[in-house]
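So the sequences go chain by chain: U and G. Take the first sequence: its position 196, counted from the start at 1, is 195 in numbering that gives the first Met the number 0, and no numbers get skipped. Take the second sequence: its position 298, counted from the start at 1, is 297 in numbering that gives the first Met the number 0, and no numbers get skipped.
Derived from the structure by calculation, the hints contain no laboratory data. Even for Gly, the Cβ is constructed at its ideal location relative to N, Cα and C. Take the hints with a grain of salt, since some may be wrong.
What the hints assert, rightly or not - Pairs of lysine-lysine, DSSO-like flavour, derived with a Cα cap of 30 angstroms:
| id | chain 1 | residue 1 | chain 2 | residue 2 |
| --- | --- | --- | --- | --- |
| 1 | G | 84 | U | 1 |
| 2 | U | 108 | U | 146 |
| 3 | U | 254 | G | 228 |
Said to hold, decoys possible - Negatives, chain G to chain U, calculated, CB over 10 angstroms:
| id | residue |
| --- | --- |
| 4 | 62 |
| 5 | 97 |
| 6 | 169 |
| 7 | 180 |
| 8 | 221 |
| 9 | 281 |
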Amino acid sequence: MKILKEIFWPLVAVVAAFIVGGIVILMLGDNPIEAYRLLLSSSFGSLRDVGWMLHYATPLIFTGLAVAVALRCGLLNIGAEGQLYVAAFAAAWVGIKFGGTIVTVGTDKQDWSWGTLPAILLVPMCIAAAIIAGAVWGGIPGVLKAKFGSHEVINTIMLNFIGIALVSYFTQYYYKIPGDPILQTAPIGENATIPQLSSFIPGLPADVPLNVAFLLAILACIAVYIFLWKTKWGYELRAVGQNPSAAEYGGISPKKQIILAMTISGALAGMVGIGEVLGTRHNFYNGFSAEWGFLGIAVALLGRNHPLGVFVAALFFGVLLRGEIFVDAFTSKVSKDLGWVLQAIIILFVACLQKYSRK
Amino acid sequence: MGEIFTLALLFSSLRLATPLIFAALGGLFSERSGVINIALEGLMLAGAFTAAVVTYQVGDPYIGVAAGVAAGAFLAFIYAVACIKFEADQVVAGMAINFLMIGLPALISGAIYDSSGSTPQIDKILQLPDFYNRISIATIVALALVPICWWIMYKTPFGLRIRATGEHPEAAETAGVNVIRLRYIAVTISGVLAGLGGAYLSIGQSSLFTRNMTAGRGFIALAALILAKWRPVPVLGACLFFGLTEALSIQIQGASWAKIGGEEIPVQFIQIIPYLLTIIVLAGFIGLSRAPKALGIPYSKED
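From just these sequences and the hints, can you work out the full model?
Here you go:
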């Protein structure tokens with residue numbers, strides 16, 4: 000019964016959003032039923048479809064968890080986007096500096112690395128770099144909130160712009176191959192890459208970029224669950240989120256928990272960099288994120304700030320992201336922006352219905 | 000150094016500050032009444048898109064501006080319903096509005112013009128006019144709005160009620176103010192002004208709407224509002240300053256003066272100034288920036 004109660008309101012929000020979206024499709028002059036059929040069924044036809052859907056869902060699991068952990072402490076982290084940019088760049092930097100990256104500039108071969116480490120060392124180092132960079136970028140607004148009481152929403156928005164500008168600076172001036180028209184770093188060393196799941200799963204085509212990061216995302220869900228509900232720190236974090244003054248009265252320091260929550264939140268957002276840099280692109284590309292940090296807010300809200308809910312909600316958004324490509328291609332009027340519109344309306348409805356779901 | 004501060008830079012700063020002034024003054028009304036306005040970005044996009052489409056279809060920029068304003072106001076009203084009637088988290092609802100306005104214009108322009116994301120080019124004669132080819136009519140309106148907003152906010156009963164509602168809604172209600180109605184009006188005004196700013200972007204500063212063309216200006220306007228400590232005249236100062244940083248970051252590319260010891264100044268370093276400054280001000284290093292007390296707290300009569 001409890002689980003039914005938990006999923007009832009999110010489901011209402013989704014259905015309502017689809018109804019509003021359907022009206023929009025009708026007004027554009029297309030058939031909503033056909034559009035929705037394409038949108039929802041394109042992820043389940045074959046192993047390839049499922050693989051792509053899970054690939055789209057992976058970054059959203061991380062950002063959804065990031066937003067959820069902060070929200071459990073009563074904080075809204077709008078900064079996951081900046082955190083994952085900074086983290087992805089950090090992972091790429093380690094992958095270049097310790098991966099033996101050789102760059103050809105004109106006819107001149109340059110060694111951009113400080114050495115070549117074996118994969119068994121380099122991969123964990125790159126992962127750690129992403130996590131630490133994300134944690135730092137998330138921790139800053141946490142410290143600012145704890146020390147000066149400045150609002151984390153404003154600071155995370157500002158840090159998004161600053162973080163993205165800074166990594167674009169480092170990419171442009173130091174790590175871009177001269178002459179490359181695209182704002183991206185040189186490739187990371189081969190030893191820094193993580194394998195695609197297609198090399199383990201028979202039948203999964205090699206063009207599906209789904210990689211080990213998806214397994215890390217599942218582990219992250221489990222870890223967040225254990226942290227929040229099975230550890231003292233997690234209990235304290237949730238206590239602060241429910242009632243800061245009561246928690247303080249009970250001997251819990253809200254300041255410490257605010258910093259902790261934002262740091263963990265940033266670390267989780269930073270983990271997006273692992274799959275994207277080590278698994279998919281093998282470099283840092285400025286513009287790699289399709290607003291995943293912001294979509295994480297929708298994922299967390301729809302998933303009721305619970306790791307299992309976040310996982311399911313991220314898969315649902317994965318279905319939408321996969322499906323919108325087919326809607327774009329196979330309907331005459333509706334473009335792939337339908338996904339954006341649906342996501343926006345879902346967020347709006349979830350936010351509006353929260354008043355009722357608390358009762 | 001003399002080369003930097005030319006008349007051209009001044010005009011460029013004014014031009015770039017104009018949409019910020021509109022949006023920040025809009026945010027002022029909403030936030031002073033106690034409703035956070037993260038949705039400024041989306042409201043501007045609504046104004047920009049509608050103004051571009053209507054100007055193109057009807058062939059009159061002023062009807063276009065009116066339509067953009069109406070779209071901004073309508074969307075702001077929806078936002079107000081979510082925040083006030085349903086007591087939704089204002090930041091979350093605001094982000095939803097911003098998302099909607101990334102997707103919806105692209106969806107509509109894709110269906111009407113078969114080009115996802117941008118509207119057709121508008122003729123030069125249909126754009127908002129400039130005086131002496133330098134100063135847009137919109138800039139003049141924006142500058143005129145600053146004293147008007149100041150007067151409304153500090154010299155009229157309506158302004159007093161808005162400020163009271165943002166500071167202490169219960170007391171305002173006791174004194175006979177209809178808090179709910181006032182917040183609806185204030186948020187809708189923010190849509191009107193942000194819609195104006197957006198309309199200027201698409202049919203004044205440029206000649207068409209492109210996907211997500213505000214590119215964070217709604218957030219810069221919000222930053223200006225915070226930097227100005229929610230007061231109209233300092234809002235003008237903050238917006239002019241942010242306009243200057245943007246003008247500098249455009250002019251810096253390839254400019255001979257923009258070098259320190261032979262190295263060019265990275266454009267990113269100038270771009271981050273507004274954001275960095277906001278964080279510093281919020282932390283209280285440059286005087287205390289105090290938000291309206293009831294900002295972000297839904298008001299319900301039963302409590």
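Hints, one by one, checked against the model:
About 27 angstroms separates the Cα atoms of residue 84/G and residue 1/U, which keeps this hinted pair within 30 angstroms; it holds. A C-alpha spacing of about 49 angstroms is found between residue 108/U and residue 146/U, which places the hinted pair above 30 angstroms, so the restraint is violated. At roughly 25 angstroms between alpha-carbon atoms, residue 254/U and residue 228/G fall within 30 angstroms of each other, so this suggested pair holds. With a least beta-carbon separation of about 22 angstroms from chain U, residue 62/G lies farther than 10 angstroms from that chain, consistent with its non-interface assignment.
At roughly 8 angstroms from the closest C-beta of chain U, the C-beta of residue 97/G falls inside 10 angstroms, breaking its exclusion from the interface. Non-interface call for residue 169/G relative to chain U: holds, since the shortest CB-CB distance, roughly 19 angstroms, exceeds 10 angstroms. Every Cβ of chain U is farther than 10 angstroms from the Cβ of residue 180/G; the closest lies at roughly 20 angstroms, confirming the non-interface assignment. With a minimum CB-CB distance of about 7 angstroms to chain U, residue 221/G fails to clear the 10 angstroms threshold, and the non-interface call is violated.
Its beta-carbon lying about 4 angstroms from the closest one in chain U, residue 281/G breaks the requirement of being farther than 10 angstroms from that chain.
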